[in-house]
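Engineer: In case you want the letters, here they are:
Protein chains: 2
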Amino acid sequence: MKAVGIVVEYNPFHNGHLYHVQQTRKKTSADCVIAVMSSSFTQRGEPAIVPKWERARMALAGGVDLVVELPYPFAVQTAEWFAQGAVSILDALFCEQLCFGSEHGSIEPFIKTAQLLVYKKEQHNEKVKQYVRQGINYAKAYALALYDIGHDTLDVSQPNNILGLHYVKAIIEQRSNIKPETIQRIVAHYHDETLPVNDNIASATSIRRFLQVSDDDVARYVPHTTYETLQTYRHTYMTWHDWEKYFPFLKYRLLTMEVDDIQQIAEVEEGIEYRLKKAIIHATSFHDFLSAVKTKRYTWTRLQRICTHILTNVTKKEIAKAIESKRATYVRPLAMNETGRAYLQEVKKHMTLPLVTNAKHMRHDPIYQIEKKATQAYVSILPEPLCSEALQREYKTPPLR
Amino acid sequence: MKAVGIVVEYNPFHNGHLYHVQQTRKKTSADCVIAVMSSSFTQRGEPAIVPKWERARMALAGGVDLVVELPYPFAVQTAEWFAQGAVSILDALFCEQLCFGSEHGSIEPFIKTAQLLVYKKEQHNEKVKQYVRQGINYAKAYALALYDIGHDTLDVSQPNNILGLHYVKAIIEQRSNIKPETIQRIVAHYHDETLPVNDNIASATSIRRFLQVSDDDVARYVPHTTYETLQTYRHTYMTWHDWEKYFPFLKYRLLTMEVDDIQQIAEVEEGIEYRLKKAIIHATSFHDFLSAVKTKRYTWTRLQRICTHILTNVTKKEIAKAIESKRATYVRPLAMNETGRAYLQEVKKHMTLPLVTNAKHMRHDPIYQIEKKATQAYVSILPEPLCSEALQREYKTPPLR
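Those protein sequence lines, which keep their order, are chains B and H.
Residue numbering for the first sequence follows full-length UniProt numbering, beginning at 1 and increasing consecutively.
Residue numbering for the second sequence follows full-length UniProt numbering, beginning at 1 and increasing consecutively.
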């Protein structure tokens, strides 16, 4: 059997994702589509609107054959580390291809640029540092430095282009046999916050925003299973998961933390801990808080990730230890259909990473220890006894079928 | 002017406390009654039902002339340290007497027993250790060891007797000129949980319990000002402060803490951190949680204090540094009437501790740093923008008149 990998967040799974899965299958004629999916928190440092289990169910219904977890130490990360983790898992699962959606739409410039980045790594790093020293934020500095070392075809200010570039770069660096592919995204702007009226495709950001107001508005932009899963979740748990819900916990935590302890938290650098401590006293919402902390130097995304690490109490030291090898240390399926199951059956005897269906066995793995803390922080907003039940779900849920 | 000191929690101020203030004034014929009052959390490790400012207002209306804060590092402590802190503040304020309520009711056995404890300190400590090693909890071990070194008149299993004993002992140890006095308590049982029907005096525990159900039931057991203050507080803040309200925060915190970090927390000893970590997963309420953690060795009170220290993130190291000298480092009035103001005016030029009316100036004091964290944890349960307002109150509230 032949497998293609995709890297996803499905926050939540919508018609654009459905299209991506269908196009991936068509373009690669793979037998099995494997999605590596962020767990409880996303790359941009936000709690996923519903837990990984619900999102995995949506993915299965949307045509994915196997959903595996991208654990927190890789998921809540810069694009570079996010890609390293995802590629290492797809590689461990013997995917022949990795197919990502991008603004650009053809693979050649990704390969060229990635090669340039790998072979002129030090030169590029040096340039990035120079720009950052000038007060330019990391994303911009990265693009400018890329231009300086001779690149001029790929627009890396586009969020999916930059992610795609990092997948290809990770493939090269990990000497993986995975062949990268790309398909053009049909949602023009990732950050769109209004729902389009003439189409049935909208960004996940706009869908999440509209879910806060009314479920009905989003029905046409998501497959039926997504709609139903979201409804059931809210009916059972009485909430979505969004930053505002976690704000009381973040505030409580920041208020009772010493500045020295904030400095230990992942991604905290250069005195931002003092800004955080000061702004939290007056902030009455997460949005207010981040607006007060924001400077030119820190992107909103970076600040959101820092807040996520504070919430989950994940330190620089822990993260560094966990991702030292730049690879995942286990593969954890969250959901699979018959095809997914058959594929796993076929490859598992050759796999060099443990295939984990019961998280209990991973208790002492540094990556899993972080993943577990993140799950525990994630369910903290649920009322009892739902919170306790959700906690036990992390250990007790076998991969969904 | 002549001042008498009392040590209180007023959680909340009730008719029994009113009687105590009146009797104290009568017995000592002091011009000024000074109450040292626990701040946000009590000696038994519970959040006070309303903030210190509200409780100070009740005290003033109940006849106290000056209310000063017993800061967290002394307030949330064993009886011994609680007494050391309180006596040091009353001593700094030149109180001539300290008058406490006790089950026993006459002062001689307190003085005798305290002297015994001071002069046979090492012998007593050694005996206590022996009993604790046998698995007996600290309170019992303390009483048994006291009996062993020759004491036989004071029943130290009574909570107010033991507190009183520690006041007298602290007076001796601190070589203070304060003269101790006691009056018999008229609430027979401190831990009573039902309201008496034939009287207008009930324990604070039973009053707190009944407040959860209905305000009306408690009206006859508290002065009018207490009743009104409680009503206004609940009307404004939509809540009382009790452990169950803080349980989501405690649970979140314990779940995301490493075992090593729990070991650093004040009063955590002998592997209790593993019991805490294990029990929290299944616990759906604070009461369930503590019941699951409880062993013979740990009293309920001790466990509650540990939970309070976890909630406020107060470590052994911080506490040790703060109370190294066994004395308070400042005197902070929370409320005063004209008599209280006149008294302060008279004594302040002779005081050796700073008199703090704006907490901002104490920012770098180790005791105040802990007090501040406790305030911040205490207000975390309030909805926004009330939480932010309450935080600013800590700095901005001048002593009430």
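FYI, nobody ran anything at the bench for these hints, they're computed from the structure.
Each hint should be verified, as a subset may be incorrect.
[As the list claims (entries may be wrong)] Derived pair list, reagent style DSS-like, types lysine-lysine, alpha-carbon separation capped at 27 Å:
hint	chain 1	residue 1	chain 2	residue 2
1	B	LYS317	B	LYS348
2	B	LYS277	H	LYS112
3	B	LYS317	H	LYS317
4	B	LYS278	H	LYS296
5	B	LYS277	H	LYS396
Engineer: Taking the hints in turn, state whether each one holds.
Structural biologist: So, going through the hints one by one against the coordinates:
Annotation: proposed proximity of B/LYS317 to B/LYS348 is violated, straight-line Cα distance about 32 Å (limit 27 Å). Distance restraint check for B/LYS277 and H/LYS112: the Cα-Cα separation of roughly 51 Å exceeds the 27 Å cut-off, and the hinted pair is therefore not satisfied. Proximity of B/LYS317 to H/LYS317 is assessed by CA-CA distance (about 22 Å); at most 27 Å being required, the pair is judged to hold. This hinted pair does not check out: B/LYS278 and H/LYS296 have alpha carbons roughly 44 Å apart, beyond 27 Å.
Restraint check: the Cα-Cα separation between B/LYS277 and H/LYS396 comes to about 18 Å, which is no more than 27 Å; the hinted pair holds.
Hints 1, 2, 4 from the earlier list are contradicted by this structure; the remaining hints agree with it.
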